[in-house]
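**Student:** Sequence:
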Amino acid sequence: MERRTARACWFPLCPAVLAGLLLLPAAALAQAPSSIDGLVTDATGGVLPGVTVEAASPALIEQSRAVVTDSQGRYSIIDLRPGEYSVTFTLVGFNTVVREGVQLTSGFTATINAELGVGSLEETVTVTGESPVVDVQNTRAQQVLTSEVIDTIPNSRGFSSFIQLTPGLTVANPTFQDVGGNQNENAASGGIWGGRDREFKISMDGMHAGNLLGAGGGRSRGIMLNMAIAEEANLNLGGAGAEHEVAGVLINLIPKEGGNDFSGSFLGNYTNDSLQSDNLTQSVIDRGLNKVNKIDRIWDMNATLGGPIFRNRLWFFGSWRYWGKDKQIGDNYWNATQGTPVYTPDMSRPVVKDVTNRDISARLTWQASERNKFNFYHTDESIDFQEVVDIIVTAPEAANRYRFDPDNMSGASWTSPISNRLLLEAGVQSIVHHYHVIAQPGVTGDDIGILEQSTFYRYNSTTGYAPRGYTSAYGPNVVDHISTRASVSYVTGSHDFKAGMNTRSGKFWRRTYINQDMSYEFFRGLPSRVVLHSPARVEDRLKLTMGLYAQDQWTVDRLTLNLGVRYDYHNGYIPQQDNPATRWLPATSFARVDGVPIWHDISPRLGGAYDLFGDGKTAIKASLGRYVLGEGLGFTGSQNPLNLLV
97 MERRTARACW FPLCPAVLAG LLLLPAAALA QAPSSIDGLV TDATGGVLPG VTVEAASPAL
157 IEQSRAVVTD SQGRYSIIDL RPGEYSVTFT LVGFNTVVRE GVQLTSGFTA TINAELGVGS
217 LEETVTVTGE SPVVDVQNTR AQQVLTSEVI DTIPNSRGFS SFIQLTPGLT VANPTFQDVG
277 GNQNENAASG GIWGGRDREF KISMDGMHAG NLLGAGGGRS RGIMLNMAIA EEANLNLGGA
337 GAEHEVAGVL INLIPKEGGN DFSGSFLGNY TNDSLQSDNL TQSVIDRGLN KVNKIDRIWD
397 MNATLGGPIF RNRLWFFGSW RYWGKDKQIG DNYWNATQGT PVYTPDMSRP VVKDVTNRDI
457 SARLTWQASE RNKFNFYHTD ESIDFQEVVD IIVTAPEAAN RYRFDPDNMS GASWTSPISN
517 RLLLEAGVQS IVHHYHVIAQ PGVTGDDIGI LEQSTFYRYN STTGYAPRGY TSAYGPNVVD
577 HISTRASVSY VTGSHDFKAG MNTRSGKFWR RTYINQDMSY EFFRGLPSRV VLHSPARVED
637 RLKLTMGLYA QDQWTVDRLT LNLGVRYDYH NGYIPQQDNP ATRWLPATSF ARVDGVPIWH
697 DISPRLGGAY DLFGDGKTAI KASLGRYVLG EGLGFTGSQN PLNLLV
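In this text, residue positions in the sequence shown follow our numbering: the first is 97, and each later residue adds one.
Hints listed in this document are in silico derivations from the structure and should not be mistaken for laboratory results. It should be emphasised that the depicted structure is a prediction, and the values quoted were computed from it without experimental measurement. Cβ coordinates follow ideal geometry from the N, Cα and C atoms, glycine included. Careful, some of the hints might be misleading.
Computed cross-link-like contacts, SDA-like style, restricted to lysine to any residue with a CA-CA straight-line distance of at most 20 Å [what the hints assert, rightly or not]:
#, residue 1, residue 2
1, K603, K713
2, K390, M443
3, K639, Q735
4, K713, R409
Have a look at the derived ranges for each label pair, beta carbon to beta carbon [said to hold, decoys possible]:
#, residue 1, residue 2, range
5, P537, P737, 30 to 38 Å
6, D392, G538, 44 to 52 Å
7, Q612, L401, 37 to 45 Å
8, Q372, A508, 40 to 48 Å
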């Protein structure tokens, strides 16, 4: 099966003629590093080639990074971490110039120009001034949330709260709207300026941290991620370059690495029902509502520790987090007549939606040699929650419990500045996400799920499958995948060329059932229909998703062009499947089906930025790009014949 243009369309993120004045920093590479570049001249305005430019910061394990200006007097120092830098310019026959206090956030290019006067190297001119706040070269719109912002403003310290902290972002599901941290953490997703929320992509160290369910976007996520491990959260809101396949919101966590000094922190948050009010007035009660949603408690305990194992050589950083919430759902109660065809609300037992998360994360940063740096990281989580939603559609005994365990992410990356112009990067990441759907306490194997058609209320036990979709039935589910990335960058000062590749492969495997292999549907208390279900042993596989890209950032005077192209390949398949005989169906066997689907796409990316007055304070930007639709195993699963057997 081959499908091309049906899954992708032209999506101009900015008007082609004028993008407007963007006064925020505006771009990030796949790993969202920062960079410093600029022009070096003499006192007459003539360009100076061969100037050594060094950027130094405690944020770098190697402490400093140096390049040489090209024939046009331009330089560019890439792959820098967020932090404060000093930039030193040296050339024989000229004074040494030092620019201090250059503050970098992730994905930001700071333009630092310098003028060298005739003199000796021993004569040093120290320049201080405001750090650049406008990126006059990149064309992406971005928002950077620092760890200070995330920890200080009342929020859930998770991705759902990022939506509230970013102008223009809207949450896809209104029940996930975070107010002061009341959502704790969930798989919320959002869209920017009316864009698709299914492409709310989350990455760690430049590699996808979501799973393969559905579109593989923000809602399809098993690893919740401990925000204490992040130095910053970089939100790419528009104008994504060739490193990315989709046009939605792209969130990349910039991890903390430790440092040459030991440091640690502890954060504790707690609230309960005594610190909130409600709008349950008598007039509301008279209209039939007896109880509103209410927080019983929210808690968050988070500790970190980082520092050197060997100074300038080996750093470590680790974090532990335990957080969750208990939330009462308004006017929803446990069933006092559980196990019978009748739902009778037990007014003494309101539904409590509980979520408990545990996370242990660790990271090692190793400067193996002058030109070889390695990062190793591991996150281990366990999550336990129940599926009751804030809208009253399911009795608690029909809302499954979910347990994510094992639920972990491991990765490694390598960075090698071969020379002051050539940079090599590579990384690999594995996510193991096993979730178990478990019956609620008190539900026995004889309890058959019931749907009341007049109210769409479910009770007694789970009713199982959604039509042609994934299951909410009991049983184990396995969603594992491996991601890789590799790139080469060649920087001259006037040109910043990058080519790379990213891949992803994995599987979705499940063994699921519902009680007695059937569910009932009633209409106003009278039997209406019986729906027969078959226990499932289903597997979908992603053979390979691959992206190949090349792009160049070309600066001519005050104009910077961002030119790129990307090739995307998506190949899924359905393996050989054998299902034993069940209560309603004989034994079935299906041969392997390849190419479900096979998609090929070529997508150009164009952009330009113009430093309007040449002072680095105002830029006009425009971008135009073609993007594909975010995809995981949703399409493959929809074609699996075992998913159609009900």
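**Student:** Next, verify each hint and record whether it holds.
**Tutor:** To see whether the hints hold, each was checked on the structure:
| no. | hint | in the structure |
| --- | --- | --- |
| 1 | K603 with K713 | violated (48 Å) |
| 2 | K390 with M443 | holds (15 Å) |
| 3 | K639 with Q735 | holds (15 Å) |
| 4 | K713 with R409 | violated (38 Å) |
| 5 | P537 with P737: 30 to 38 Å | holds (35 Å) |
| 6 | D392 with G538: 44 to 52 Å | violated (20 Å) |
| 7 | Q612 with L401: 37 to 45 Å | violated (52 Å) |
| 8 | Q372 with A508: 40 to 48 Å | holds (44 Å) |
Violation of the numbered hints given earlier is confined to hints 1, 4, 6, 7; the remaining hints are satisfied by the structure.
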